[in-house]
Amino acid sequence: MSAAQTIPTSESNPIHTISLFVNNKPGVLVRVSLVFSRRAFNIESLVVSPAAEGRFARMTITCSGNSGALEQMIKQLAKLVDVVHAVDHTRDDAYETEIALLKLDCAIDERTHILQISEHYKAKVVDYGTDSLILQVYGSSEKLDAFIDLLRPFQLVELVRSGKLLMARGRQLT
Amino acid sequence: MDQNLPTGGEKLVQCLEREGVEYIFGLSGGAVMPIFDALVDSKIKLILTRHEQGATHMADGYARSTGKPGVVLVTSGPGATNTVTGLLTALMDSAPIIVICGQQILPMLGKDAFQEADVTGITYPVVKHSYLIKEAEDVPRILREAFHLATTGRPGPVLIDLPKDIGQGPCAAPFSDELDLPGYEVPSRAEPDKIVEAARHLSRAKRPLLYVGHGAVIADAGKAVTTLAEKLRAPVVTTLLGKGAVDEMHPLHLGMMGMHGTAYANKAVADCDLIMSIGGRWDDRITGKLDEFCTDAIKIHIDIDPAEFSKIVVPDISILGDARLVIEDLIPQVEMADTAEWLDQCERWRKQFPLKYSKQGGLRAQYVLDRLNAITAGEAIFTTDVGQHQMWAAQFCKARSNRHWISSGGAGTMGFGWPAAIGAAFANPDKKVWAVVGDGGFQMTSMELATAQIHKLKAKCLIINNNFLGMIRQWQEMFYENRLSGADLEGNPDFVKLAQAYGVKAFRIKRSADTDRILEEAHAYDEGPCVVVAEVVKEDNVFPMIPAGGSVGEMLIEAPKHKLQKPTGST
Ligand SMILES: Cc1ncc(C[n+]2csc(CCOP(=O)(O)OP(=O)(O)O)c2C)c(N)n1
Numbered sequence: 001m002s003a004a005q006t007i008p009t010s011e012s013n014p015i016h017t018i019s020l021f022v023n024n025k026p027g028v029l030v031r032v033s034l035v036f037s038r039r040a041f042n043i044e045s046l047v048v049s050p051a052a053e054g055r056f057a058r059m060t061i062t063c064s065g066n067s068g069a070l071e072q073m074i075k076q077l078a079k080l081v082d083v084v085h086a087v088d089h090t091r092d093d094a095y096e097t098e099i100a101l102l103k104l105d106c107a108i109d110e111r112t113h114i115l116q117i118s119e120h121y122k123a124k125v126v127d128y129g130t131d132s133l134i135l136q137v138y139g140s141s142e143k144l145d146a147f148i149d150l151l152r153p154f155q156l157v158e159l160v161r162s163g164k165l166l167m168a169r170g171r172q173l174t
Numbered sequence: 001m002d003q004n005l006p007t008g009g010e011k012l013v014q015c016l017e018r019e020g021v022e023y024i025f026g027l028s029g030g031a032v033m034p035i036f037d038a039l040v041d042s043k044i045k046l047i048l049t050r051h052e053q054g055a056t057h058m059a060d061g062y063a064r065s066t067g068k069p070g071v072v073l074v075t076s077g078p079g080a081t082n083t084v085t086g087l088l089t090a091l092m093d094s095a096p097i098i099v100i101c102g103q104q105i106l107p108m109l110g111k112d113a114f115q116e117a118d119v120t121g122i123t124y125p126v127v128k129h130s131y132l133i134k135e136a137e138d139v140p141r142i143l144r145e146a147f148h149l150a151t152t153g154r155p156g157p158v159l160i161d162l163p164k165d166i167g168q169g170p171c172a173a174p175f176s177d178e179l180d181l182p183g184y185e186v187p188s189r190a191e192p193d194k195i196v197e198a199a200r201h202l203s204r205a206k207r208p209l210l211y212v213g214h215g216a217v218i219a220d221a222g223k224a225v226t227t228l229a230e231k232l233r234a235p236v237v238t239t240l241l242g243k244g245a246v247d248e249m250h251p252l253h254l255g256m257m258g259m260h261g262t263a264y265a266n267k268a269v270a271d272c273d274l275i276m277s278i279g280g281r282w283d284d285r286i287t288g289k290l291d292e293f294c295t296d297a298i299k300i301h302i303d304i305d306p307a308e309f310s311k312i313v314v315p316d317i318s319i320l321g322d323a324r325l326v327i328e329d330l331i332p333q334v335e336m337a338d339t340a341e342w343l344d345q346c347e348r349w350r351k352q353f354p355l356k357y358s359k360q361g362g363l364r365a366q367y368v369l370d371r372l373n374a375i376t377a378g379e380a381i382f383t384t385d386v387g388q389h390q391m392w393a394a395q396f397c398k399a400r401s402n403r404h405w406i407s408s409g410g411a412g413t414m415g416f417g418w419p420a421a422i423g424a425a426f427a428n429p430d431k432k433v434w435a436v437v438g439d440g441g442f443q444m445t446s447m448e449l450a451t452a453q454i455h456k457l458k459a460k461c462l463i464i465n466n467n468f469l470g471m472i473r474q475w476q477e478m479f480y481e482n483r484l485s486g487a488d489l490e491g492n493p494d495f496v497k498l499a500q501a502y503g504v505k506a507f508r509i510k511r512s513a514d515t516d517r518i519l520e521e522a523h524a525y526d527e528g529p530c531v532v533v534a535e536v537v538k539e540d541n542v543f544p545m546i547p548a549g550g551s552v553g554e555m556l557i558e559a560p561k562h563k564l565q566k567p568t569g570s571t
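Chains as they are written, first to last, in this note's numbering: chain A, 1 to 174; chain B, 1 to 571.
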């Protein structure tokens with residue numbers, strides 16, 4: 001997977017990737033999301049999980065909104081008492097990945113075809129039902145987009161995506 | 001329960017004592033009873049207000065007049081929601097207040113119990129930070145953090161929501177000086193190379209201008225700014241809230257800038273070749289149309305809040321730090337600039353465009369305020385409400401000392417002036433405190449007359465009664481073809497009788513000729529609060545005026561003869 005992949009975006013509302021290092025406390029998510037909504041930014045995906053030190057948490061957020069307002073938004077995020085630091089990774093060299101789970105209703109005769117596609121994308125079957133399959137796939141968000149699009153014709157009944165996970169390469173701060 | 005342990009409420013009150021709190025402004029209710037109970041044995045004086053909004057503005061007036069945090073105590077649900085306006089007011093103007101609310105017991109949270117409101121949720125956008133206390137053990141640490149957050153860096157309001165079961169349950173935790181705030185940094189001194197760079201530009205400028213904002217008041221930077229201005233021989237202008245940081249009678253002071261600032265201040269802003277903001281935030285009331293604001297001037301921005309840099313104006317040099325320390329560091333680095341011609345020009349503007357008002361046709365608010373300025377002789381603390389009277393007070397009442405000018409700037413909160421004066425009067429028993437309010441805004445918190453009266457507080461309230469929501473009428477007259485809509489305050493009470501009904505001494509001014517005598521009598525009145533009602537002409541407008549979103553080029557020095565376009569700025 002190549003670094004710094006970007007999701008296709010519209011000119012006026014490009015997708016931005018931001019990571020936050022925050023106190024792992026109730027209420028932090030609301031404070032963070034208010035900074036976005038007040039500036040009419042739409043959060044596309046949000047991943048929150050404990051950091052290496054459990055009293056802190058990491059948020060990886062992809063959002064779309066006016067690029068001009070981004071710098072101010074990062075500053076306002078950094079200003080929140082519970083935010084230890086806020087970094088804009090939109091143009092950074094960072095390793096990014098995402099996980100998706102797909103449930104397909106499929107008849108026996110469709111399986112071979114589905115499994116061929118899955119193999120190509122290194123997706124794994126994690127549940128084998130008589131007339132359904134659950135697939136797990138990870139990789140860049142674009143790769144997942146492409147994989148999902150290929151499988152849509154086969155009765156894709158459920159889709160769960162993790163949202164983007166990201167880590168800055170080398171000594172740079174995430 | 002362990003008999004020897006204090007309750008959470010008692011612990012909280014002990015923490016407040018430990019923080020040096022003298023007064024608490026508030027109003028009780030079921031959920032907050034444990035704390036009110038604990039106050040019975042405390043040396044902290046409880047000031048029972050008539051409305052929770054009043055309590056917040058009193059705490060705010062106390063805070064702005066001292067620099068110390070003001071403390072508010074209210075009950076859950078409606079008690080707490082009544083503080084939202086006060087929180088916004090404090091947040092917008094960076095005033096350190098701490099609002100403590102009672103809350104339902106923990107097991108009832110989220111169950112729509114009686115007087116339960118998600119107060120932390122409701123107030124997220126209007127606080128610097130907030131806490132919902134879930135463990136009695138956290139009380140001491142959270143109280144310490146709240147005071148630290150409210151008063152350091154860019155000050156602001158902090159809310160503490162305290163469930164009743166924690167308030168009345170035991171609290172074993174010892175006092176704490178511990179701060180668990182890993183994301184919170186307080187800038188102090190600036191980077192030395194920024195100082196060097198700024199000093200180089202300041203020394204070189206031909207037409208420098210120092211723009212003093214509320215941050216200079218908060219940092220007590222005024223003396224240093226005065227020294228810097230004298231050394232550079234640079235004129236000084238202030239924002240509405242920057243008033244008082246630098247003595248407005250100082251010869252280099254050009255008064256207030258912005259929408260209703262003096263014409264000479266605004267001309268200087270438009271013509272300077274360097275503008276340095278000292279704790280100002282380039283508010284839209286200051287800059288007007290951004291594309292035309294100081295286009296050719298070098299812009300230096302000093303602020304303690306890094307989020308202010310490039311929020312509105314992209315500065316050439318941004319200096320992160322405490323305004324006083326930054327200016328003190330700058331002083332030895334700057335050289336006297338060659339500004340003689342510039343100062344002459346500013347003096348010519350001062351002579352050419354003085355503040356003026358008609359002396360004919362009845363009692364004028366400007367005259368009353370001009371006289372109040374003379375009679376108070378630069379000694380009084382002024383608070384104001386919001387509207388025309390606020391702008392006239394800002395123009396005519398010269399603030400000569402830091403923290404002697406208190407007004408709701410960022411939020412423009414009607415109802416602020418009178419309770420803020422009460423808070424300032426509690427904090428400054430030796431000073432004369434004058435609230436200048438409009439008849440509209442006064443009625444939003446006039447019930448606090450009772451609060452002032454029971455404490456025989458020497459706060460004075462000057463009501464500029466024009467029987468209109470005057471500023472609204474002015475805008476409708478100027479920009480909406482005088483189609484008045486909801487501007488007439490028909491139904492006003494007789495304010496003298498209203499004050500008397502509370503047992504408050506009241507005066508009325510009807511004629512210019514009586515103004516001095518009555519103001520002097522009220523100024524000398526020392527037995528308690530008093531109200532002066534000035535029955536001013538009903539229809540008068542504030543000038544100069546730069547229509548919202550306009551540039552200095554569009555400044556109206558007096559009533560325009562031509563029809564005006566609706567302003568492009570939002571408000
Ligand atoms: C709480 C609140 N409501 C509405 C406004 C909008 N507003 C700004 S000035 C003003 C008129 C104020 O009238 P008054 O208090 O009589 O003062 P005047 O302008 O006549 O001096 C109004 C309604 C406001 N600032 N605050």
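Hints may contain errors.
Here are the computed lysine-lysine pairs in the DSS-like style, where the Cα-Cα straight-line distance is at most 25 Å [unchecked claim]:
hint, chain 1, residue 1, chain 2, residue 2
1, B, K194, A, K79
2, B, K68, A, K79
3, B, K561, B, K359
What the hints contain is simulated information worked out from the structure, not anything from laboratory work. As the structure is a computational prediction, the values presented were derived from the model and not from experiment.
Handout entry: Hint numbers not upheld by this structure, sorted from lowest to highest
Key = none
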